[in-house]
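Q: Residues per chain, in single letters:
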Amino acid sequence: MDPVQPAGENYANPKTCLFHVLFKAAALAFYILSAIFIDSFVIIFVVTVFLAALDFWVVKNVSGRILVGLRWWNEIDEQGESVWKFECLDQESLARMNKKDSWLFWWTLYLTAVAWIFLGIFSLIRFQADYLLVVGVCLSLSIANIVGFTKCRKDAKKQIQQFATQTIASHFTSSLQSAFSVV
Amino acid sequence: MSYGDTIPLHPSSQSDIDEIENLINAGAHSATVLPARAPSPSRASIPVSHSPFPLPPYQKMPPSSSPTPVVSSVPAAAATTTTAPGGSSRIGISTDALESPPDTLTEPVFDTVKRDLTRIVSNLKLVVFPNPYREDPGRALRDWDLWGPFFFIVFLGLTLSWSASVKKSEVFAVAFAILAAGAIILTLNVLLLGGHIIFFQSLSLLGYCLFPLAVGALVCMLEGNVIIKIVVVSMTLAWSCWAAYPFISTAVNPRRKALALYPVFLMYISVGFFIIAID
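First to last, the protein sequences are chains X and R. For the first sequence, UniProt numbering gives the first residue as 1, with consecutive numbering after it. For the second sequence, UniProt numbering gives the first residue as 1, with consecutive numbering after it.
Keep in mind the hints are simulated off the structure, nothing from the lab. Everything numeric in this text was worked out from a predicted model, so none of it was measured. Each residue gets a CB set at the ideal place from its N, CA and C atoms; glycine is no exception. Hints may be right or wrong, so weigh each one.
With a cut-off of at most 30 angstroms between alpha-carbon atoms, the simulated DSS-like pairs for lysine-lysine come out as follows [unchecked claim]: (1) X:LYS99 / X:LYS15; (2) R:LYS125 / X:LYS60; (3) R:LYS114 / X:LYS15; (4) X:LYS15 / X:LYS100; (5) X:LYS60 / R:LYS114; (6) X:LYS151 / R:LYS114.
If you want the footprint, here are the derived chain R segments under chain X, 3+ residues with CB under 8 angstroms [what the hints assert, rightly or not]: (7) 161-169; (8) 172-178; (9) 195-208.
Let the hints inform the model, and build the full structure from the sequences given.
A: Rendered as structure tokens:
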């Protein structure tokens with residue numbers, strides 16, 4: 001799952017990238033290889049789901065922040081309504097983000113979900129409902145992260161637009177005012 | 001001010017963004033700098049101490065030391081991005097303070113871990129143990145999280161699987177599936193009865209209320225005598241039901257309280273039987 005990048009900048013945060021990929025790859029590898037070596041379903045289930053949950057936490061809280069400067073969470077406000085909060089770094093830092101890092105981030109996110117879907121199809125074909133449970137849990141964790149970060153990125157883009165619109169508006173206003181003050 | 005369930009998505013085209021980014025890079029540096037948003041303080045502590053206003057997650061534009069026409073339009077614009085008036089107290093950040101202010105986006109990893117662990121413990125204490133906030137159940141699980149329930153369900157499944165002498169894998173799979181699916185179905189039940197509860201909050205609550213049963217299962221695993229098992233399980237069962245009662249009952253119409261509570265109690269009772277019957 002290691003991407004081959006065109007020459008240019010290197011990874012800015014190699015350790016974070018490593019952890020981002022590590023738990024995903026470990027969960028997938030353990031699940032695939034365990035079918036050969038381990039007999040007990042309980043161990044397969046617990047270890048795979050634990051690795052997937054760990055990966056979910058790492059992506060949501062650590063690599064999302066560091067690699068792409070995005071963060072999402074859910075809060076319940078005073079009225080008892082559920083509010084999804086999105087947070088992103090300011091525009092300068094966002095522009096300074098390493099391209100390689102964000103490429104790795106997004107691609108491994110999507111590829112993992114696709115891999116779990118394939119494994120799910122396999123276990124469906126073999127009529128193994130237990131393994132379908134494992135795949136279902138891991139898949140829902142991956143999809144939750146994908147949806148959260150995609151919404152967060154769209155939100156960040158929307159804020160760029162809003163800020164730019166307001167900057168344009170304020171420049172327009174100031175130039176208008178200076179024009180009128182001359183007259 | 002409430003945002004509704006999701007932030008509405010705006011269509012964004014790449015050419016617009018490129019154009020706008022050029023504009024930003026060309027002219028906007030002199031005007032304002034956007035700091036990263038500080039998080040709402042209620043995330044770091046027990047939900048009682050809410051900030052007096054919900055902090056917006058969006059970036060805000062500080063009316064910093066910039067030309068006056070910009071300042072007059074910026075607060076107006078900032079107000080339209082749902083900035084609360086009290087938020088101006090945070091705006092002391094001028095253009096030269098480019099070091100990032102402490103917030104959840106730049107905190108060290110250890111802080112995040114600590115914060116999440118503290119949240120699990122505080123949620124557990126709120127739900128399962130007697131405390132003054134049980135009077136107002138809606139506020140208690142404000143900072144819901146699913147880690148606690150995940151650990152408890154897995155722990156319960158493992159304990160049951162360990163206690164079983166045969167078919168360990170099936171016992172675990174069945175226990176996990178019943179608890180997870182049961183929590184989801186019970187939440188749907190409350191929602192369909194016209195109750196006011198957030199989906200994840202209710203899942204979180206039902207998971208945390210499994211804590212006494214998990215403890216009971218552990219004790220039963222270590223202790224073989226059936227009588228003792230029955231006593232222990234009934235005690236922990238009563239504790240679980242007592243923990244879940246206020247949250248569920250306040251969420252629904254009083255006339256439908258029993259309809260909402262009965263399935264919850266039924267699920268916990270069946271888990272209790274499961275624990276006793278495992279040999």
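Q: Give a verdict on every hint.
A: The hints, checked one at a time:
Distance check on the hinted pair: LYS99 (chain X) and LYS15 (chain X) sit about 16 angstroms apart at the alpha-carbon level, within 30 angstroms; holds. Using a Cα cut-off of 30 angstroms, the hinted pair LYS125 (chain R) and LYS60 (chain X) holds, with the two alpha carbons roughly 25 angstroms apart. Distance check on the hinted pair: LYS114 (chain R) and LYS15 (chain X) sit about 20 angstroms apart at the alpha-carbon level, within 30 angstroms; holds. With a C-alpha separation of about 13 angstroms, the suggested pairing of LYS15 (chain X) with LYS100 (chain X) holds against the 30 angstroms cut-off.
Restraint check for LYS60 (chain X) and LYS114 (chain R): the C-alpha separation of about 15 angstroms stays at or below 30 angstroms, so the hint holds. Annotation: proposed proximity of LYS151 (chain X) to LYS114 (chain R) holds, straight-line Cα distance about 26 angstroms (limit 30 angstroms). Here the region 161-169 of chain R counts 3 residues with a CB under 8 angstroms from a CB of chain X, which clears the bar of 3, and the coverage holds. Beta-carbon proximity to chain X at under 8 angstroms applies to 4 residues in the region 172-178 of chain R; the threshold of 3 is reached and the given coverage holds.
A count of 5 residues in the region 195-208 of chain R with a Cβ less than 8 angstroms from any Cβ of chain X is obtained; the coverage claim is therefore met, three being the minimum.
Every hint, counting from the list given before, is met by this structure.
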